[in-house]
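Undergrad: So the chains spell out like this:
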Amino acid sequence: DAGVIQSPRHEVTEMGQEVTLRCKPISGHDYLFWYRQTMMRGLELLIYFNNNVPIDDSGMPEDRFSAKMPNASFSTLKIQPSEPRDSAVYFCASTWGGGRNGYTFGSGTRLTVV
Amino acid sequence: AQSVTQLDSQVPVFEEAPVELRCNYSSSVSVYLFWYVQYPNQGLQLLLKYLSGSTLVKGINGFEAEFNKSQTSFHLRKPSVHISDTAEYFCAVTLMNRDDKIIFGKGTRLHILP
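Heads up: the sequence lines are chains A and B, in that order. Under my numbering, think of the first position of the first sequence as 1, with each following residue one higher. Under my numbering, think of the first position of the second sequence as 1001, with each following residue one higher.
For the record, the hints were derived by calculation from the structure and aren't laboratory data. Some hints could be false.
[Claimed, not checked] Just a few of them, taken from the derived set where beta-carbon distance is under 8 Å, the chain A residues facing chain B:
id, residue
1, M60
2, F105
3, G108
[Claimed, not checked] Some residues of chain A that are not near chain B, with every Cβ distance over 12 Å (derived):
id, residue
4, T13
5, G42
6, V114
Using N, Cα and C, we set each Cβ at its ideal position, and we do this for glycine too.
Can you build the whole structure from these sequences, using the hints too?
TA: Next comes the structure, spelled out in structure tokens:
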């Protein structure tokens, strides 16, 4: 398996633009997580899905952020409109059966909003 | 709710010296415990995990951790570090009875000195 695949690896956008981050989880995994990592705040859980259904979105910072999982092999995290404070590395992770099995993380998307 | 405290934000250690990275957790119910490693510009990788059984857990790259229930600790150790161990290390916890969501500590950056 190729692991968790995220795209793009790097994204530079202007303030006010829409940004879409993409994630393909490992085949067979039933949980998918979106995290944001910054120097100031560390690793923050934004939202997670089980069997394509959002379970907990309490970490989504504000209405500008939205996430979808239309099927078991694809998820998106969208920021509209983007702001400079959204600059961070965004990670997607997946697992099967629950956290006891550990998460597999993607390589991340480094987002810079100028 | 469960929480994780990593007592050191940075740990410098000479190459071939031993190292211990400290982690304490707080939870009113039984937990599963994890250590993850993040190499520069990469996602997090699972180093080792404690689910049950022997309190001494061995992981990849020569690392091990010991679960101490009375002290609510899960410290990570390696008898001899190499320059390639330079990375950030995250302790993490999830509840046994609701283990979908893993809570991560703020991380400890390990600096290997030549």
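Undergrad: Each hint: holds or not?
TA: Right, here's what the structure says about each hint:
1. M60: Interface hint status for M60 (chain A): violated (14 Å vs cutoff 8 Å).
2. F105: holds, 3 Å
3. G108: Cβ of G108 (chain A) sits 5 Å from chain B, so the hint holds.
4. T13: The assertion about T13 (chain A) holds, with a minimum of 20 Å to chain B.
5. G42: violated, 5 Å
6. V114: holds, 20 Å
Hint violations for this structure: numbers 1, 5, all remaining hints satisfied.
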